[in-house]
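*Asks:* Chain by chain, the residues:
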Amino acid sequence: MARVREAALGLALVAPPIAILLLLIILPAIQALTFSLGLVPSENVTFSSGQHLVRSDIPTLEVYRQLLASPFVIDDLRLTLSVTVLSVIFVAIVGYILALYVRFGNGWLPRIVRSLYLIPMFVPVVIASYAAVTFYVDRGFLASLFWHLGLGYTSPAYKPAGIVITQVWYNIPFAVLMLGSGLDGIEQELIDSAHDVGAGFFSVLWRIILPLNLVPLLIVLTFTFIGVIGSFTIPFLIGPNAPQMIGVAIQAYFSNYNQPQPAVAMAVIVFAIAALAGVLYVWATSRSNRHAVTL
Amino acid sequence: MARLELDHLVKRYGSGGEPAVKDVSLDVADGEFVCLLGPSGCGKTTTLRIIGGFLAPDSGDVRIDGASVVKQPPERRPTAMVFQRYALWPHMTVWHNLAFGLQVRRRPRAEIERRVQQALELVGLPGLGKRYPAQLSGGQQQRVALARALVLEPRILLLDEPLSNLDAQLRIHMRSELTAIQRRVGITTVFVTHDQEEAMTIADRIAVMHAGALEQMDAPEQLYTRPATLFVATFIGTMNVLSGRVESDGWVAAGPFRLPRPADAALAPGQSVTVGVRPEDLILEERGSGRPAAIGQVLDLGHYRRLMLRLDGGIALTAFLPKAQPVPADGCTVRFGRALFYVGERLAGVLEPPPGASTAAQPSTAGSVPASP
Amino acid sequence: MTANRMPTPVAEREQELAGWTPAGIRLTWFWDVPEFRRALGLLLVLALSAYLLLPLLTLLLWAFADEWRYPSVIPQHFSLKWWDWVFTNGDVGSAARYSFETAPVVTLISAAICLPAAYSFSRFRFPGRRALFISLLAANAFPKIGLYVAIATLFFRLDLMGTFWGVVLIQLVGTLVLMVWIPAAGFDAVARELEEAARDAGAGPLRVFWSITLPLAMPAIIVACFLAFLAAFDEAQGTLIVGSPTIVTMPVLMYTLVVNYPEPVGAIFSILLSAPSIVLLLLARRFLLAGYLAAGFKGR
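Residue numbers (our numbering), protein chains in the order written: chain A, 72 to 366; chain B, 154 to 526; chain C, 1190 to 1489.
FYI, nobody ran anything at the bench for these hints, they're computed from the structure. Just so it is clear, CB atoms sit at the ideal spot from N, CA and C, and this is done for glycine as well. One or more of the hints may lead you astray.
If you want the footprint, here are the derived chain C segments under chain A, 3+ residues with CB under 8 Å [said to hold, decoys possible]: (1) 1259-1272; (2) 1359-1371; (3) 1437-1450; (4) 1461-1468.
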């Protein structure tokens, strides 16, 4: 009886945020999904007045077929995936280097780094993108600097590289916080005992630290992936016009071409890919919580 | 100050599988100090938590002074618990930790002040009110936890292995402090521990638990001399154990020994029995009527010696010799002074030495132990 | 923080364990030389500082520039005239007001709704607990742009388009994960025994929560509130769809400013937009211990 009461109370308390989630995310997502499958809702003016609608009484994959037949969309997808993967890789590497330095470095330099890496966390994404543009753009600050140093300069602005650079910049704080916290959780004794049997820095890193810190790494990888793949602001301000990141393309299809149906279909595709990453996160955390060694 | 009764408590964890607590019933008299003793996983902490109200039993009753409290949540039970890791609230001062329960009961400020001071003095920590738990040593934290329980003047005090986190010397010191305080306050106390030496020292009675069941509840002396089950026999103190069988003539053959049946035991020929002998009840002689044994390791333990003996058939026995008695140089003979007979798990009978004959320190008498005490 | 030293390894054994050396030569010989390590560290810090700070520095310079042409590394002319323009611009004032009105409201409502849920996820057992907990991630995983038309339709029907509460609602969504996951980890960290001891002392469940659980989980809750405030304050996409043209917050205004006006305007606006973040940064340094953020995302 008490267990039923506990369950009822528990569910009641989590109801409000879940309700908001349902109302503002799940329901619209389902609507978007059904619309992308060809079921056009007549009461939705925006949807039903779109161009190039595929109407059907039963769910159909025609919209997706058309979408994936378009070379532009394929290019967009390819760009999105490559930018996302590259961003994730660089965030992980740079984040790890910083986290290791803060954890194992000596003296006052690592302490500076500890305050430094947090800075992007407090910069709104719009500003981050804007700052990146003005900094990296052709004939911008960096270009001037290179000119003075006598070096040639090709601007990464309005190119995929620009997106990667800015995404890495923006995601460093989260990565270093997660990885750093994971490193803190590794007992110094585990490292000391490895040194005791003669392992050097890189051996310890490869064989002890990295394996023990796998879950935070996976968390960083999945969350960064999810954040970058559907992002809008950064690619909008600093990315190329063609091909575009999917987030920007969705916006364009909605606003500029008035083609809401392909837009939501693209959103569904992105969500499906992001959901895969989410599954990885769930799997990783549930495994780690099972294997946790409690002392 | 109250009577506590546990009535056929059963608690299962998860679905199916062994119950954590199997049909446990016991009584604690007003002002008595009872220990729940047993190895890890025996159900002693579960039982304690049921008494405290942190767990609801699947069936059974908990009664305090005759009134059932099993349906009451912990905040309404007249019990107070000292947790294993003290559970002092880290964000409150010592004073606040003690005052909290009184504030919940909305006692006037003057009364709270007075009672907190009294409690601090009772545990020997006057003047530490303003410190935070993190600033206290382990022993001090433990005493604050005790004070916090006592300041509310509960009818029953529950202690969950409170001394196990202290170092050895402090633990012994705290044991006597604890008993002194308990005696002074006169509060009914239930104390959980896995350390049998601890239980034997401080308890009025000990409830030995094993795999969720209550094996025996008795005064320490009784537990030691008449352990009711094989588990209790081997858990408390050291015990030599031999398997044996009742022969056709009524005597019991155990290893190389032949023992008469104890008078109070009903043993049928052919029955298997297990014989238990305390090391101090083995009689060693240079050349006596017992079985020959080779002497292995000899450990000098201060006022007595521990000997490892090897007999025919690969039987190994532990014996205690008082310091005064010299160690036989070249093997010896062993016979039983006092033995316990178990059928299955339960104590069937005790073979006592004849009156006047004590254990171990006697010169040998011819023949084995007389047939009847 | 413990002092962490990587002691100098024994050469041959490291070779064995590392398993990657041509005869006699260790590839990482320089690691043993402390000066080299320090120089490498310094290089790292300089590179990192440049990467992180220079773009922001550029904006700062732009805010005070009147004319800045390539290839000069600093502006040719400095001026405060654009500040004048920005501050007297009605749009800017109203956007600032809306931003500072919506973000705190969102944070408070988010806390009111999500903290009990966080406590429930932490302490209670109910069917679907794990699934519901993870599902909050969906709020971040589905590209918002793809949802907003559907949301806009819904808001039209509810008469929330272009309203204060509509904007608050849409900003609320982005704070759900932060306001549930991080405090839930904070509650997890409060040992059950501390709560049991309080009940043992006679406190009912509400009193236990108020006197014991909440104070001890407070640092995590504060971190969550900081991050939620920042998330609401910086929210642009949703507010763009739902709020404009009536309710325009600072990030939304930023989009148009950046596109339509010269660099100094965008730069000045960036400074203004960053102001609350900087204030929070200074206040939060004590609390932004990695532990609370990381604990929130480690799952259960």
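*Asks:* Determine for every hint whether it applies to the structure shown.
*Replies:* Verification of the supplied hints:
1. 1259-1272: holds (count 4)
2. 1359-1371: It holds: at least three residues are needed, and the stretch 1359-1371 of chain C offers 6 whose Cβ sits within less than 8 Å of chain A.
3. 1437-1450: holds (count 4)
4. 1461-1468: Our answer is that it holds, as 4 residues pass the Cβ test (under 8 Å) against chain A, meeting three.
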